[in-house]
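Line by line, the protein sequences give chains A and B. If you want my numbering, it's the 1-based position in the first sequence plus 180. If you want my numbering, it's the 1-based position in the second sequence plus 180.
Misleading hints may appear alongside valid ones.
All copies of an identical chain are treated as equivalent in the list; a pair is satisfied when it fits inside any one copy or across any two copies.
[What the hints assert, rightly or not] Lysine-lysine pairs mimicking DSS-like chemistry, simulated, CA-CA at most 30 Å apart:
| # | residue 1 | residue 2 |
| --- | --- | --- |
| 1 | LYS414 | LYS430 |
| 2 | LYS258 | LYS386 |
| 3 | LYS411 | LYS386 |
| 4 | LYS382 | LYS411 |
| 5 | LYS255 | LYS414 |
| 6 | LYS382 | LYS414 |
| 7 | LYS411 | LYS222 |
| 8 | LYS258 | LYS411 |
| 9 | LYS386 | LYS329 |
| 10 | LYS414 | LYS386 |
| 11 | LYS222 | LYS414 |
| 12 | LYS386 | LYS255 |
| 13 | LYS329 | LYS258 |
| 14 | LYS222 | LYS386 |
| 15 | LYS411 | LYS430 |
| 16 | LYS411 | LYS182 |
| 17 | LYS258 | LYS430 |
| 18 | LYS255 | LYS382 |
| 19 | LYS382 | LYS329 |
| 20 | LYS255 | LYS182 |
| 21 | LYS329 | LYS430 |
| 22 | LYS182 | LYS414 |
| 23 | LYS382 | LYS258 |
| 24 | LYS430 | LYS222 |
Treat the hints as calculated values from the structure; they're not laboratory data.
What follows is each chain in one-letter form.
There are 2 protein chains.
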Amino acid sequence: MKLGIIGLGLIGGSLGLKLRSRSHYILGISRHSDTCALACQKGIADEASTDFSLLTEAEVIFICTPIAAIVPTVKQLKPILSPETIITDVGSVKAPIVEAITPIWSNFIGGHPMAGTAQQGIEAAQSDLFSGTRYVLTPTENTPLQAQKTLAALTQHLETELITCSPDTHDQAVAWISHLPVFVSSSLIAACCQEQDQEVVKLAQKLASSGFRDTSRVGGGNPELGGMMAKYNKDAIARSLRLYRQQLDKMIYAIEEENWDQLEMILGQTQGARSLFTTKK
Amino acid sequence: MKLGIIGLGLIGGSLGLKLRSRSHYILGISRHSDTCALACQKGIADEASTDFSLLTEAEVIFICTPIAAIVPTVKQLKPILSPETIITDVGSVKAPIVEAITPIWSNFIGGHPMAGTAQQGIEAAQSDLFSGTRYVLTPTENTPLQAQKTLAALTQHLETELITCSPDTHDQAVAWISHLPVFVSSSLIAACCQEQDQEVVKLAQKLASSGFRDTSRVGGGNPELGGMMAKYNKDAIARSLRLYRQQLDKMIYAIEEENWDQLEMILGQTQGARSLFTTKK
Chain A
181 MKLGIIGLGL
191 IGGSLGLKLR
201 SRSHYILGIS
211 RHSDTCALAC
221 QKGIADEAST
231 DFSLLTEAEV
241 IFICTPIAAI
251 VPTVKQLKPI
261 LSPETIITDV
271 GSVKAPIVEA
281 ITPIWSNFIG
291 GHPMAGTAQQ
301 GIEAAQSDLF
311 SGTRYVLTPT
321 ENTPLQAQKT
331 LAALTQHLET
341 ELITCSPDTH
351 DQAVAWISHL
361 PVFVSSSLIA
371 ACCQEQDQEV
381 VKLAQKLASS
391 GFRDTSRVGG
401 GNPELGGMMA
411 KYNKDAIARS
421 LRLYRQQLDK
431 MIYAIEEENW
441 DQLEMILGQT
451 QGARSLFTTK
461 K
Chain B
181 MKLGIIGLGL
191 IGGSLGLKLR
201 SRSHYILGIS
211 RHSDTCALAC
221 QKGIADEAST
231 DFSLLTEAEV
241 IFICTPIAAI
251 VPTVKQLKPI
261 LSPETIITDV
271 GSVKAPIVEA
281 ITPIWSNFIG
291 GHPMAGTAQQ
301 GIEAAQSDLF
311 SGTRYVLTPT
321 ENTPLQAQKT
331 LAALTQHLET
341 ELITCSPDTH
351 DQAVAWISHL
361 PVFVSSSLIA
371 ACCQEQDQEV
381 VKLAQKLASS
391 GFRDTSRVGG
401 GNPELGGMMA
411 KYNKDAIARS
421 LRLYRQQLDK
431 MIYAIEEENW
441 DQLEMILGQT
451 QGARSLFTTK
461 K
């Protein structure tokens with residue numbers, strides 16, 4: 181198939197590498213001509229351009245831009261595409277994207293490949309980024325069946341496990357396991373920064389090891405990305421945070437009341453429950 | 181030197197292996213005669229017994245029992261030791277231990293080797309467990325200088341970096357970087373368990389990957405250990421939890437008020453601050 185990829189960073193670049201290796205013809209779009217040249221050189225795209233007109237004959241287009249650019253990109257594409265063109269995106273939040281695009285482009289299906297690395301950009305692109313991971317598609321009752329079938333076949337070429345659910349279910353699930361941890365973890369670092377005793381601060385910095393490192397990792401991530409998650413997935417994240425605070429309050433209450441049985445019961449439950457949230461990659 | 185080690189688990193066993201390799205003569209004590217036999221066989225101890233009378237000639241005694249057994253152990257040792265014997269412990273909380281033991285045994289110095297593995301018990305003991313880690317000693321103004329010097333020399337044999345501070349400073353520092361993360365992380369798992377929509381729960385469990393895995397790791401640990409930390413370090417942990425909750429509330433407020441600039445500012449600060457809490461091992 182002729183596939184368009186808009187945004188040739190980690191995700192777009194890795195999609196190009198893998199799908200091209202499965203004999204698809206890749207048309208790449210980047211805002212930067214340097215990136216276009218690099219994409220052709222690295223085997224990410226067969227042709228690449230800064231101009232959307234390259235995509236007029238694409239059968240499926242993956243929008244791999246930052247979330248804020250997804251809807252504007254569809255508006256720009258609309259005049260130059262035939263209505264048969266299937267559009268999908270790779271944004272990490274789905275409901276607001278699907279709601280905004282459906283009235284503009286009916287042949288759209290929201291997507292979210294659950295893959296990534298600490299590195300960003302075209303240089304970090306790798307052919308096997310998606311192998312063994314999960315690819316979420318969020319069709320609605322109005323999504324054409326052909327679009328669903330075509331995307332399902334492409335996720336097989338990516339060697340991913342396809343998961344289909346509603347945009348709202350996706351957004352609440354990622355609020356729990358992907359977005360809530362960021363705010364929980366960031367608040368841990370912020371709290372440690374409230375300590376005024378400089379001797380304690382210096383010692384804490386010196387003694388911090390793997391427990392602190394792991395619990396604070398996602399809280400030390402990209403602030404723009406965290407802000408964007410919150411903006412686009414506000415309701416689900418706010419709900420998760422309020423339920424989190426209730427659980428935290430139970431823990432604080434048990435400690436302040438010296439109710440050690442209650443505290444150990446909670447810790448025992450979470451020890452058991454954690455293993456339910458495991459994954460292969 | 182003749183060194184006594186009471187409790188031949190991960191920490192006691194590893195101390196024995198390393199100090200014996202530095203030509204100290206190790207007297208090991210365990211409640212179980214099987215463990216005593218194993219300790220001699222594995223080169224952890226030169227002699228081992230279930231009977232404290234083995235320790236009458238020890239110059240320094242390391243108490244490596246669970247926290248609750250440390251003070252009772254000193255009381256049991258008191259009638260059989262000469263007053264020159266230096267006693268130290270390896271408990272992860274210091275102020276209540278130091279306060280309780282000082283009136284019973286003046287030649288005592290609290291200690292906390294900051295090392296560990298996921299495994300427990302004598303089978304997990306390893307000679308290089310402490311190499312490159314930090315060893316905290318918490319002398320008070322009444323601790324004999326000779327005890328401090330002797331312990332400092334032994335920490336060099338363990339190839340650790342010696343850190344000296346007050347028991348209170350130690351306890352507040354570990355509350356921040358070692359104990360608070362446990363309750364923050366456990367509350368994350370507990371919150372996810374509050375979700376009632378089974379489709380969301382199943383999807384969240386399926387999609388959870390490294391971010392959730394790292395943030396929830398220490399919350400999935402041993403409940404007895406977490407309960408014991410809270411019991412022995414209650415004031416410092418409760419203070420850290422209250423300051424944590426304030427930071428969490430700021431985050432929730434920024435999200436609910438859609439104050440994205442404020443949210444990104446907090447996330448930017450925590451991204452920068454995290455690097456201050458790094459360590460070699």
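Status of each hint after checking the structure:
no. : hint               : in the structure
1   : LYS414 with LYS430 : both (24 Å within a copy, 15 Å between copies)
2   : LYS258 with LYS386 : neither (56 Å within a copy, 35 Å between copies)
3   : LYS411 with LYS386 : between (35 Å within a copy, 24 Å between copies)
4   : LYS382 with LYS411 : between (35 Å within a copy, 25 Å between copies)
5   : LYS255 with LYS414 : within (24 Å within a copy, 57 Å between copies)
6   : LYS382 with LYS414 : between (36 Å within a copy, 21 Å between copies)
7   : LYS411 with LYS222 : neither (35 Å within a copy, 58 Å between copies)
8   : LYS258 with LYS411 : within (26 Å within a copy, 63 Å between copies)
9   : LYS386 with LYS329 : between (55 Å within a copy, 22 Å between copies)
10  : LYS414 with LYS386 : between (36 Å within a copy, 22 Å between copies)
11  : LYS222 with LYS414 : neither (38 Å within a copy, 57 Å between copies)
12  : LYS386 with LYS255 : neither (52 Å within a copy, 33 Å between copies)
13  : LYS329 with LYS258 : within (22 Å within a copy, 78 Å between copies)
14  : LYS222 with LYS386 : neither (43 Å within a copy, 33 Å between copies)
15  : LYS411 with LYS430 : both (28 Å within a copy, 16 Å between copies)
16  : LYS411 with LYS182 : neither (34 Å within a copy, 64 Å between copies)
17  : LYS258 with LYS430 : neither (52 Å within a copy, 41 Å between copies)
18  : LYS255 with LYS382 : neither (53 Å within a copy, 35 Å between copies)
19  : LYS382 with LYS329 : between (57 Å within a copy, 24 Å between copies)
20  : LYS255 with LYS182 : within (21 Å within a copy, 80 Å between copies)
21  : LYS329 with LYS430 : neither (47 Å within a copy, 45 Å between copies)
22  : LYS182 with LYS414 : neither (36 Å within a copy, 63 Å between copies)
23  : LYS382 with LYS258 : neither (57 Å within a copy, 36 Å between copies)
24  : LYS430 with LYS222 : neither (54 Å within a copy, 45 Å between copies)
In the structure shown, a violation is registered for the earlier hints numbered 2, 7, 11, 12, 14, 16, 17, 18, 21, 22, 23 and 24, in ascending order.
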